[in-house]
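Protein sequence lines correspond, in order, to chains A and B.
If you read the first sequence in UniProt numbering, its first letter stands for residue 1, the second for the next number, and so on.
If you read the second sequence in UniProt numbering, its first letter stands for residue 1, the second for the next number, and so on.
Hint data in this document are derived by calculation from the structure and do not stem from the laboratory.
Check before you lean on any hint, since a few could be wrong.
[What the hints assert, rightly or not] Distance ranges between label pairs, derived from CB positions:
#, chain 1, residue 1, chain 2, residue 2, range
1, A, Trp-41, B, Leu-87, 21 to 29 Å
2, A, Lys-167, B, Phe-190, 23 to 31 Å
3, A, Asp-237, B, Ile-147, 34 to 42 Å
4, B, Ile-192, A, Ser-72, 12 to 20 Å
5, B, Trp-167, A, Gly-92, 26 to 34 Å
6, B, Asn-106, A, Val-65, 20 to 28 Å
7, B, Arg-122, A, Ala-37, 22 to 30 Å
8, B, Asn-106, A, Gly-92, 23 to 31 Å
9, A, Thr-64, B, Leu-80, 48 to 56 Å
10, A, Ser-72, B, Leu-80, 22 to 30 Å
11, B, His-16, A, Asp-98, 56 to 64 Å
[What the hints assert, rightly or not] Result set (DSS-like, lysine-lysine): computed pairs, CA atoms no more than 25 Å apart in a straight line:
#, chain 1, residue 1, chain 2, residue 2
12, A, Lys-10, A, Lys-74
13, A, Lys-43, B, Lys-59
14, B, Lys-59, A, Lys-10
In this text, a Cβ means the ideal position worked out from N, Cα and C, and glycines have one as well.
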Amino acid sequence: MNDRSSLPVKTVANRTFGRNSILSFVLFGLFLVGAWATFKWIKRQPQDAGALRPLRKTLDFNETVFSTVFDSNKLVKEYPVSHAAKRVRVNGMDGLRDSVNEETWRLRVIRAPGDTLQITLDDIKKLPKKDLIFDFKCIEGWDQVTHWAGVPLRTFMQHYGLSGQSKMKYVGLQTPDKKYYVGIDMPSALHPQTLLCYEMNGQPLPINQGFPVRLIIPVKYGIKHLKRIGTMFFSNDKPADFWAERGYDYYAGH
Amino acid sequence: MKAILYKHPLAIRWFHWVNFPVLVCMIWSGLLIYWANGVYKISWGNKVFVKFFSTGFYKALNVPFHLAEGMSWHFAFMWLFTINGLLYVLFTFFSGQWKFLLPNRNSFKEAWLVLLHDLHIRKYEPPQIKYNAAQRIAYTAIMIMGIGSLITGLAIYKPVQFSFFSWICGGYAAARLEHFILTLGYVLFFLIHVIQVVKSGWNNFQAMITGFEVIKDAPKKVPHE
Numbered sequence: 001m002n003d004r005s006s007l008p009v010k011t012v013a014n015r016t017f018g019r020n021s022i023l024s025f026v027l028f029g030l031f032l033v034g035a036w037a038t039f040k041w042i043k044r045q046p047q048d049a050g051a052l053r054p055l056r057k058t059l060d061f062n063e064t065v066f067s068t069v070f071d072s073n074k075l076v077k078e079y080p081v082s083h084a085a086k087r088v089r090v091n092g093m094d095g096l097r098d099s100v101n102e103e104t105w106r107l108r109v110i111r112a113p114g115d116t117l118q119i120t121l122d123d124i125k126k127l128p129k130k131d132l133i134f135d136f137k138c139i140e141g142w143d144q145v146t147h148w149a150g151v152p153l154r155t156f157m158q159h160y161g162l163s164g165q166s167k168m169k170y171v172g173l174q175t176p177d178k179k180y181y182v183g184i185d186m187p188s189a190l191h192p193q194t195l196l197c198y199e200m201n202g203q204p205l206p207i208n209q210g211f212p213v214r215l216i217i218p219v220k221y222g223i224k225h226l227k228r229i230g231t232m233f234f235s236n237d238k239p240a241d242f243w244a245e246r247g248y249d250y251y252a253g254h
Numbered sequence: 001m002k003a004i005l006y007k008h009p010l011a012i013r014w015f016h017w018v019n020f021p022v023l024v025c026m027i028w029s030g031l032l033i034y035w036a037n038g039v040y041k042i043s044w045g046n047k048v049f050v051k052f053f054s055t056g057f058y059k060a061l062n063v064p065f066h067l068a069e070g071m072s073w074h075f076a077f078m079w080l081f082t083i084n085g086l087l088y089v090l091f092t093f094f095s096g097q098w099k100f101l102l103p104n105r106n107s108f109k110e111a112w113l114v115l116l117h118d119l120h121i122r123k124y125e126p127p128q129i130k131y132n133a134a135q136r137i138a139y140t141a142i143m144i145m146g147i148g149s150l151i152t153g154l155a156i157y158k159p160v161q162f163s164f165f166s167w168i169c170g171g172y173a174a175a176r177l178e179h180f181i182l183t184l185g186y187v188l189f190f191l192i193h194v195i196q197v198v199k200s201g202w203n204n205f206q207a208m209i210t211g212f213e214v215i216k217d218a219p220k221k222v223p224h225e
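So here's chain B without its partners, still in its complex pose (with noise of 0.2 Å):
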């Protein structure tokens, strides 16, 4: 007999699984298309600390004159991503599974004990339910992050048709600008989710698959007499 945890629902399970194709399709099209006026850097003055990007990493992941291919990819995805973003905000909020998402009171405190902990830091970690803090935190900020693509990209795209979405974003160009920044920013979620991922162990992983973990009981002490 195994006790076992029901973690994620199978419909969260299929909105994560689909996504992560979608938005890997979405950031290399993106990046196709970026290459065309790709002026983004971070520089002081004359001097240029970080250029996106340079020619080594277009030509090493064969990204030059792709422009119109990129359109072609991003525009067909972009449903895909929208759909099944939308799907799982409002899953998420009509199953009541937003009580474990959203970060609450306590969470930005104890989301600070929680990278101790994983510095090795502290000893202690934070009690959870389904996510910790940090987690709590770095979900929500994702979701965020999605409606946040999604306004600028539509800004981008149909800046006269959209256009209050361009106001709000501050303009035809900032949105641009903030729709490259919140690429960059899945491509860090991603590398950090992963490395937390393989930390956290198999038992934690395969929940995403099958949706349950395995309650692991700490050996139970036979009190000495």
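With the rest of the complex left out, here is chain A (with noise of 0.2 Å):
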């Protein structure tokens, strides 16, 4: 019943059939060991910072490519008030297990070694405020509306004469216990959505979401937004990045 008058027909010997069948099964069969002996090469490869190494490769690979071909200061879509959540989601406490008192905090600003400021929340409230209501997205991959609001880290910037600083390729941020820390690449770092945040909501931050000052970055995963930040730094190579030295991205953007 099939009409096939539009798909080539040829006849051919039986041995030539038989040569070219043999030949096509050799060669899938390769194809097939080839395949699953790629998957198990790149099993046995040694882990770069959590990930496998041709993986970390590729991964740093796109970062060149996205950060190379995207507009850095495009920017994210912005919501109104009414839309935010008022149970804000918290997803994590690294960093923020010590007590922290507002009198005494400080935001450590390393200019250069040895140089280094001592900043206070008053100081930070009074740069100009900007209100961010933003899709927060989590590498988990749930989202939420949330209100945050701060100074933009780049004017905050440009107000303690951090211009050198600026042309460099990272920021480091650390919590004053040290045990969370993120490395931003300078472009998402002065992207003008990029907030030092002191306020959710309207109000002060709340311990668990990074009292006295976090850093939010709505070009980056939530692993990105470090909560109560103590030092920041500058610096050319790549800082040490709590997530990246767990088999996460190090760009984290989106």
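Take each chain as given, in its own frame, and dock them per the hints.
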């Protein structure tokens, strides 16, 4: 019943037919073995910061590709206040287990070795404040529209004369206890919506959201939004990054 | 001597077989990622009919706590999936193979007849050149699904830069759900595909490897005189 008039038909010798069939199956077998061997080879490779080396290399390659082709100043969508969640999800307490005192807390900004600024919460609050309501995205796959406020990091850096530092490749941030730490590429740090944040839903940050000051960086997953900043420094090498050491993408940006 | 019919061009066979392990890797690594926020279920009121997925399912496949590992595989093999898929689409269109693939005006009616035939309700099988009507619809759908996975995937992977994709998907959370549903679609497609291939027999299957099918002539009837 099959009308196959439009597919090519040929008559071949039995020997040719047999040879071509066997050749195809041998190649197919080699392909399957090759695919399996590639998978096993990747699995056998040493780990590089918690990820198998070829995969880590690919993650770094992706970072190069995307940071080259993307516009690093593209803005994140902002929402009206009414969209902001009242119960804001808390996903981790790393770096927040010590007590913190507003009076003694200082943001330590290392301008150069031996040259550290000590900035109080009041100093930060004196700078122009920006409200930001955006869709916060966790690397686990959930998202939540949340309301934050603080000073844009780039305004902060301009105010404190850190223009030389802003020409370096990375900003490093650490909690006061140094148990949580992130590295941020400078274009993302200087993004107009990246905040040194001290308010959530119009109130001072709760302890579990990083009181007194945390990073809000909407172009990155939550793992980069370091809570309770203790130290800020600048570097041309990638600063240590808590989750990137545990197999995650260093860039973690979107 | 054997009469053979050239059914699948070499390029299509390569795209098909490269796609298979790559898609397996994408689904497996996708599951490792999904686990970290495995919230989807089919429910009515308080009654949950299907939960994606049960603890037993995850445990049996050693899924829990491999989010970082899943992402590292997913965002490496996404390149192969995308490049292989794009090459397949381009080849199909520029080689003219789309004529055998895309559904035509009769396909939707005929696909129903194919289904009835496959379910042994009807004896008659609609005529076909390379693919029957049901195959045309299924294989075209899988091509569109592939493009859908790419778009929903990019919408989740880079929602700021690809905010347009996020928008056409109905937002970030919707894009994630759609990405997940498409994956379920592949698994369903795979099951039906394998059953159909087994049913169709060796000659049909080996054509996806060798490229040709042997034409079995119906035994010639000698007229009685």
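**Asked** Which of the stated hints cannot be reconciled with the structure, identified by number in ascending sequence?
**Response** Violated hints: 2, 4, 6, 7, 8, 9, 12 and 14; rest satisfied.
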